[in-house]
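Student: Okay, here's what each chain looks like letter by letter:
Protein chains: 2
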Amino acid sequence: MEKERPLILISNDDGVTAKGLQVLIDIIRPLGDIVVMAPDGGRSGCSCAVTVSQPVHYQKVSEEPGLAVYKCSGMPVDCIKLAMHTVLQRNPDVVVSGINHGDNSSINVHYSGTMGVAIEGCLSGIPSVGFSLNDHHHDAHFEPLRPYIYDIVKNIIEKGLPPQVCLNVNFPNVPIKGVKVCTQAKGYWNQEFDPCPRRFDDKYFWLAGEFVNTDTTNDKNDRKALEDDYVAITPIKVDMTAYEAIEEISSWF
Amino acid sequence: MEKERPLILISNDDGVTAKGLQVLIDIIRPLGDIVVMAPDGGRSGCSCAVTVSQPVHYQKVSEEPGLAVYKCSGMPVDCIKLAMHTVLQRNPDVVVSGINHGDNSSINVHYSGTMGVAIEGCLSGIPSVGFSLNDHHHDAHFEPLRPYIYDIVKNIIEKGLPPQVCLNVNFPNVPIKGVKVCTQAKGYWNQEFDPCPRRFDDKYFWLAGEFVNTDTTNDKNDRKALEDDYVAITPIKVDMTAYEAIEEISSWF
Chain D
1 MEKERPLILI
11 SNDDGVTAKG
21 LQVLIDIIRP
31 LGDIVVMAPD
41 GGRSGCSCAV
51 TVSQPVHYQK
61 VSEEPGLAVY
71 KCSGMPVDCI
81 KLAMHTVLQR
91 NPDVVVSGIN
101 HGDNSSINVH
111 YSGTMGVAIE
121 GCLSGIPSVG
131 FSLNDHHHDA
141 HFEPLRPYIY
151 DIVKNIIEKG
161 LPPQVCLNVN
171 FPNVPIKGVK
181 VCTQAKGYWN
191 QEFDPCPRRF
201 DDKYFWLAGE
211 FVNTDTTNDK
221 NDRKALEDDY
231 VAITPIKVDM
241 TAYEAIEEIS
251 SWF
Chain V
1 MEKERPLILI
11 SNDDGVTAKG
21 LQVLIDIIRP
31 LGDIVVMAPD
41 GGRSGCSCAV
51 TVSQPVHYQK
61 VSEEPGLAVY
71 KCSGMPVDCI
81 KLAMHTVLQR
91 NPDVVVSGIN
101 HGDNSSINVH
111 YSGTMGVAIE
121 GCLSGIPSVG
131 FSLNDHHHDA
141 HFEPLRPYIY
151 DIVKNIIEKG
161 LPPQVCLNVN
171 FPNVPIKGVK
181 VCTQAKGYWN
191 QEFDPCPRRF
201 DDKYFWLAGE
211 FVNTDTTNDK
221 NDRKALEDDY
231 VAITPIKVDM
241 TAYEAIEEIS
251 SWF
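Residue numbers (the numbering used here), protein chains in the order written: chain D, 1 to 253; chain V, 1 to 253.
Wrong hints could be hidden among the right ones.
The list treats identical chains as interchangeable, and a pair is accepted whether it falls inside one copy or across any two copies.
Under the rule of at most 27 Å between Cα atoms (straight-line distance), these lysine-lysine pairs were calculated in the DSS-like manner [stated by the list, open to error]: (1) 71 - 203; (2) 60 - 203; (3) 159 - 177.
None of these hints come from the bench; they were simulated from the model.
Starting from the given sequences, assemble the full structure and let the hints guide the process.
Tutor: Spelled out as structure tokens, the structure:
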């Protein structure tokens, strides 16, 4: 009996029409049957948000052999939950997110809707990965990413990932020198708001700012890899327990 | 010269009028000067989301000696960023979130706006804590939590927290037996959607479901502590790197 083709669930946070999503589908289509459930518009910076105060709705956009595309009114995490509850007949073999128009390395893993998808897949026990390109343009050049994305997803399908671990993969927007498996860089955002006063009210602000990498003693961090023109692969764990702090906090009581 | 009073920044995800927030202010007011920047309405389940597609706006609600209250159009994480950028004259000594109307233990740390506040504070280098009560009612009984919350915030102000670590504190809604410092329980949500068809369209769903604790071999997990009527304190780290997976993933390349 022929082996079943792998089932690949895809989502993103830039919405179902984003170029990064179309390229991602094209790259990994040879690897299995694909179901896309993506937000019906942009959801940048929505992290692992879920929609609790209103119903979520989904709708089929297109279907052809090996590829079904749905759009959803909710958040990226809603997309994964809803797809697994409704349109998928079985658990996917891999959850893939992106390709995000913009970098999600370092602490941005916490804010990223792209990584929200991968974290949700991982929490559901599915090997999961998020891809991001350090270029915010709508027509960013995704082609150079092709062999890397194909190989990484193929590896995940064939070898799996450790339990409770997903991958945060970030690409530089320059000729790529190679791949580095990294740690999450330490850093912070500064000068985070641009004023945009409205008539007589000066209390309106746009989120802005610049990221500062403070991880200067550890050159294995993902920001450094990107700065050096490498693909940065950061394994991310969904168990956030600070085990090493348990004893200290326990001493308070 | 008299020592400056501690500066306490408070936010939540249930909004500026929530009872849990009012009780929290009342409990920790003796410990320092308080600035509240809270969302202007409910933001449950918004995780570490940030507002990037529109400006955020804030407004003073009230001011009296030792207590200034602001509301914000954005997400809980926006509240912390915006407060530190605008109304605060210096970094706060502690960021406190809650008291959430509902449990945020186990994997819910990923979805929780309450913990989004604490994670944001922690990423900014400020000792931070989120408090949640396992009771969704608007008029939940918060009074039994008073001595615990007071002690925990006092300890944080006096002793600090390890770098990159914040606290996720969850209370049972029954007589409290004591305190346990815990690990983040492993588990998952099942049957996650209730259908709510709209006229001829059956593709509308409410997020729902029940949490299943699969962490049966480790009785130090936070869900178990809550089930046993203990306060569950889970130290949470914002460095999500799966260090133990780096070697395995590196072997792919």
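Student: Next, verify each hint and record whether it holds.
Tutor: Taking the hints in turn, this is what the structure says about them:
1. 71 - 203: between (35 Å within a copy, 11 Å between copies)
2. 60 - 203: between (41 Å within a copy, 10 Å between copies)
3. 159 - 177: within (25 Å within a copy, 46 Å between copies)
Violated hints: none; the structure is consistent with every hint.
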